[in-house]
Amino acid sequence: MIRRSRGLWAAAIFAYVFLYAPLVIVVAYSFNDSRLNAEWVGFTFAWYGKLFHNEKMLQAAWNSLLIGVTASVVSTVFGTMAGYAMYRFKMRLLPLLILAPIAIPEILMGVSLLIFFVLLNISLGMISIILSHIAFCIGFVAIVVRSRLAGMDESLTEAARDLGATPWMAFRLVTLPLIMPGVVAGALMAFTLSIDDFVITFFTAGVGSTTLPLQIYTMVKIAVTPEVNAVSTLLMMLTLALILIASKLAPGSLRAQ
Amino acid sequence: MALLEIRNVTRRFGDFTAVDNVSLSIEAGEFFTLLGPSGCGKTTLLRMIAGFDAPDAGSIVLDGKAMTGIPPEARNIHTVFQSYALFPHMTVAQNVAFPLKMANVDPGQIGKRVEEALEDVRLTGMDKRYPNELSGGQKQRVAVARALINRPKLLLLDEPLAALDAKLKESVQLELIGLQKEVGITFVYVTHDQSEALALSHRIAVMNHGRVEQVDEPSKIYGFPRNRFVADFIGQCNLLDGEIRACAGERMTIALAGIGDVVALNIESDAPGLKGALALRPEKVAIGRDLPKDADVNRFTGKVHDFLYLGDVTIYIVELAGGMRIEALLPNSSAGRTKFFEAGDEVQVGWRYDAGHFLND
Amino acid sequence: MATPQNRLHKWLIGGPPLAYLVVFFAIPVLIMVLASLRNSGDFGGLAPLFSEESGTLDLTTENYGRFFSDLIYTELFLKSFAYAAITTLVCLVIAYPLAMLIARSAKKHRDLLVLLVILPFWSNFLIRVYAWMIILGPQSVFVSALNRVLGTIGIEPVTLLYTPFAVIVGLVYVHLPFMVLPLYANLEKHDPALLDAAQDLGANAWRRFWRVTFPLSLPGVYAGAALVFIPALGIFAIPDILGGTEGIMIGNVIKQQFLDTRDWPFGSVLSMVLTVMAVALAGLAAWVARQSRT
Chain A
1 MIRRSRGLWA AAIFAYVFLY APLVIVVAYS FNDSRLNAEW VGFTFAWYGK LFHNEKMLQA
61 AWNSLLIGVT ASVVSTVFGT MAGYAMYRFK MRLLPLLILA PIAIPEILMG VSLLIFFVLL
121 NISLGMISII LSHIAFCIGF VAIVVRSRLA GMDESLTEAA RDLGATPWMA FRLVTLPLIM
181 PGVVAGALMA FTLSIDDFVI TFFTAGVGST TLPLQIYTMV KIAVTPEVNA VSTLLMMLTL
241 ALILIASKLA PGSLRAQ
Chain B
1 MALLEIRNVT RRFGDFTAVD NVSLSIEAGE FFTLLGPSGC GKTTLLRMIA GFDAPDAGSI
61 VLDGKAMTGI PPEARNIHTV FQSYALFPHM TVAQNVAFPL KMANVDPGQI GKRVEEALED
121 VRLTGMDKRY PNELSGGQKQ RVAVARALIN RPKLLLLDEP LAALDAKLKE SVQLELIGLQ
181 KEVGITFVYV THDQSEALAL SHRIAVMNHG RVEQVDEPSK IYGFPRNRFV ADFIGQCNLL
241 DGEIRACAGE RMTIALAGIG DVVALNIESD APGLKGALAL RPEKVAIGRD LPKDADVNRF
301 TGKVHDFLYL GDVTIYIVEL AGGMRIEALL PNSSAGRTKF FEAGDEVQVG WRYDAGHFLN
361 D
Chain C
1 MATPQNRLHK WLIGGPPLAY LVVFFAIPVL IMVLASLRNS GDFGGLAPLF SEESGTLDLT
61 TENYGRFFSD LIYTELFLKS FAYAAITTLV CLVIAYPLAM LIARSAKKHR DLLVLLVILP
121 FWSNFLIRVY AWMIILGPQS VFVSALNRVL GTIGIEPVTL LYTPFAVIVG LVYVHLPFMV
181 LPLYANLEKH DPALLDAAQD LGANAWRRFW RVTFPLSLPG VYAGAALVFI PALGIFAIPD
241 ILGGTEGIMI GNVIKQQFLD TRDWPFGSVL SMVLTVMAVA LAGLAAWVAR QSRT
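Chains as they are written, first to last, in the numbering used here: chain A, 1 to 257; chain B, 1 to 361; chain C, 1 to 294.
Next up, chain A with everything else stripped away, as it sits in the complex (with noise of 0.2 Å):
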């Protein structure tokens, strides 16, 4: 028995080796005083100073901020309302278009979108992005939201109702407030993946309006720096902030994935 687990914890460390070593690779060479990701010179901060003094990667950034910010406040508001409709309602359609956007490829919504934009002579930008964003980020809210209102007792609402409360004050204090880490857990999601979104925007981007994503992306094509290093060091920081913080908030919301 006691062999047995230890080939076990063996595979184990192996798989989580396999996890974390490319990252923390990464986060050391944003810290190495060389051009080149080999061999360790020395210690130096230079390649973040030299981040915050580059116009594209900074364009980018914000550009990147603008989109999860607006796509991520939209997509929760109306995921938010798509979860308590299919949560309280019968809905035939909803459900369906909430869960194709996260079930079929990815490529699909991209090349879709591509050509409906085209056609509709919206030019591409940042708008087209914003738009594509609240498109698959609604559905994972919508989750989100409907798994929590599921594991809320459906006697409070009534209970509300009940002493006089109107639908919408039972809403409003009730409801809302009970599925609040929800609802916020879903906001952080939706922000966490616009903000990390490569495909879509990938597709959907237009001149002027490059992302974080596609900026790490035309670097890593063309001529990789340990600029790369330091941008993806402080994009992983803030992506384990926001999952701490929505973990705190709603315990569970993760797995819903």
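The hints are simulated quantities; they were obtained by calculation from the structure and are not laboratory data.
Owing to the predicted nature of the structure, the values given are computational and were not obtained by experimental measurement.
Even glycine gets a Cβ: it sits at the ideal position worked out from N, Cα and C.
One thing to keep in mind: the hints can contain errors.
What the hints assert, rightly or not - From the derived model, a few chain A residues whose C-beta atoms are all more than 12 Å from chain B:
1) 5
2) 9
3) 34
4) 52
5) 58
6) 73
7) 74
8) 89
9) 127
10) 155
11) 157
12) 160
13) 174
14) 227
15) 238
As the list claims (entries may be wrong) - Reference excerpt, derived from the structure (chain A facing chain B, CB under 7 Å, subset only):
16) 7
17) 39
18) 153
19) 158
20) 177
To be verified - In silico negatives: residues of chain A with every beta carbon more than 10 Å from chain C:
21) 48
22) 61
23) 115
24) 169
25) 176
26) 178
27) 181
28) 223
29) 247
30) 248
Position chains B and C against the provided structure of chain A, taking the given hints into account.
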């Protein structure tokens, strides 16, 4: 006119008829109980009274006013939910104040009224606690205080004791009776627990398969169940198949299959020739080696088939001639003795003519 | 209660998100279905829907004909299937012991161990792929160390980046959590008494695994396989960054059709075929899962 009139109410879910043409009238100040097994329709009926569900046919009239189309918040009826449904994000005081806020009561008065309400249910000083910091009994009292604070015409209670442990139940039952007497509000109480129903209610409606089987005071329900279902559902009951031979005054003669004629109480002036069963509570059946002869007592000889020793009482299952079995309950009241008879002992069983009555099929 | 008020609420609340998804998801997808039946425009994009010469609806199945007649595309799909299948298998081999360990560790540690699996998945997708560019790249200390070892036993130095190998590594890395989570969710529910019973009845550790644990975990295996295989099939960024010319998959060709060649109808055909396959596989996985549950 009754406070609450339920007139020919029917509710179907697909093919299933949850409530089937039910009519009841409940008087002001009454403690009325809907009793029945799960799925009998009692909760559906309660939800229709509260306004969470609407009848497919029939009407519900409160204080002379038809409730059709009136949403729950506009009905002068409050509910104590089975789960208590205390709002987890509000303190005890905020929970109890909720109905007052919804009714736009002057905020200056709310504090005082909440304090009084909490005093009534012995929760003074608990006002700042959250529901998850309360015991089951305390939660139940908050739920009752919240539902009563703005004096509804009617209080609905949906199995409010189901979540409490057995020891606590008895004291909570006494509290509920006291509270109902004090506030004078009509209670409609739903339960599947017959002992709760018998202990609490002024009147009980026994429900089965969406229908009301019998509406009566507790002692009538227990003493004179109207049909096999009620007799069997409330307490233990011997149901001995037979046919009416003759009726005379307050007595009738019933021919029991395989045993012979017995005398029983004639309560509904049934006619000879009717088939049915004699309902006989086990505690009314005497058991002994040699019972004294008495013209008012039906007496038979049989063998103890088996017995169940339950501590305070022992239940004997006696097999009579012809294979019919009858249960007799004997209190273990004499000091020192634990049981009287063994399986296989020859014994006599007997009961007074007025201990049993006939149930018409 | 289907009261009129209720119906109004339903559409007030459900209507706006529904409308949004119809406009920005359903209609674009339908347009693409149509686009796959259209001719290509003279300068890329799509030809006008109504042909000016004949004045009729100008639809064609020619694009699908081209897909099925040209073996290059069949080969491409087969190659992508092979990559996705190898990825699924490797993920299963790595994920199974990990999921088993988490499921058998103390309850209080489980959430942390699961979180540790999910956490890297939340870092940016491109960063995770880029990390392997560093590790497998020509300047990499790991590759040069490996080649030194190979040199001592007389094997030619190897190149790892821009090969199918690199693509598989990237695919496995990105999809591993999708295998671990369903496996763990399944294994966690197993009653430990089953293994005790099997041991009590004389099964050794090896047999306990193959006769008890593994068969019971099959629904988790199917779910994990579907969650890895289907997304892996349609991916394009990983082969694009790690694969070079050798390691391209369907996704890359779709991207080429839309952005480089600008042959939208044919790009749409490829996307449609990919999607139909993904949906069919998802349906198959759901069906198998339902079968094995009963």
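Exercise. Beyond 10 Å from every Cβ of chain C: is that where the Cβ of residue 176 of chain A lies?
Worked result: Given that every Cβ of chain C is farther than 10 Å from that of residue 176 of chain A, nearest at about 12 Å, it holds.
Problem set entry | Assertion that residue 181 of chain A lies farther than 10 Å from chain C (Cβ) | Answer for residue 181 of chain A: holds, closest chain C Cβ roughly 17 Å.
For this session: Would you check whether the claim that residue 34 of chain A is not at the interface survives, using Cβ distances to chain B and the 12 Å cut-off?
Result: holds (55 Å)
Exercise. Does residue 5 of chain A really sit off the interface, with its C-beta more than 12 Å from all C-beta atoms of chain B?
Worked result: holds (38 Å)
Problem set entry | Assertion that residue 9 of chain A lies outside the chain B interface [Cβ separation over 12 Å] | Since the minimum Cβ distance to chain B is about 39 Å, residue 9 of chain A lies beyond 12 Å and the statement holds.
Exercise. Non-interface claim for residue 238 of chain A: all C-beta distances to chain B beyond 12 Å?
Worked result: holds (30 Å)
Problem set entry | Reported absence of residue 48 of chain A from the contact zone with chain C (all CB gaps over 10 Å) | Holds: least Cβ distance 16 Å, greater than 10 Å.
Problem set entry | Interface-negative label, residue 160 of chain A against chain B, beta-carbon threshold 12 Å | violated (7 Å)
Problem set entry | Non-interface claim for residue 157 of chain A versus chain B (Cβ beyond 12 Å) | violated (9 Å)
Exercise. Was the hint right that residue 158 of chain A lines chain B, CB cutoff 7 Å?
Worked result: holds (6 Å)
Problem set entry | Assertion that residue 155 of chain A lies farther than 12 Å from chain B (Cβ) | At roughly 4 Å from the nearest Cβ of chain B, residue 155 of chain A sits no farther out than 12 Å, so the non-interface label is violated.
Problem set entry | Hint check, residue 39 of chain A versus chain B [nearest Cβ-Cβ separation less than 7 Å] | The hint is violated - residue 39 of chain A has no Cβ within 7 Å of chain B, the shortest such distance being about 57 Å.
The structure fails to meet hints 10, 11, 12, 13, 16, 17, 23 and 29 from the earlier list, while all remaining hints are met.
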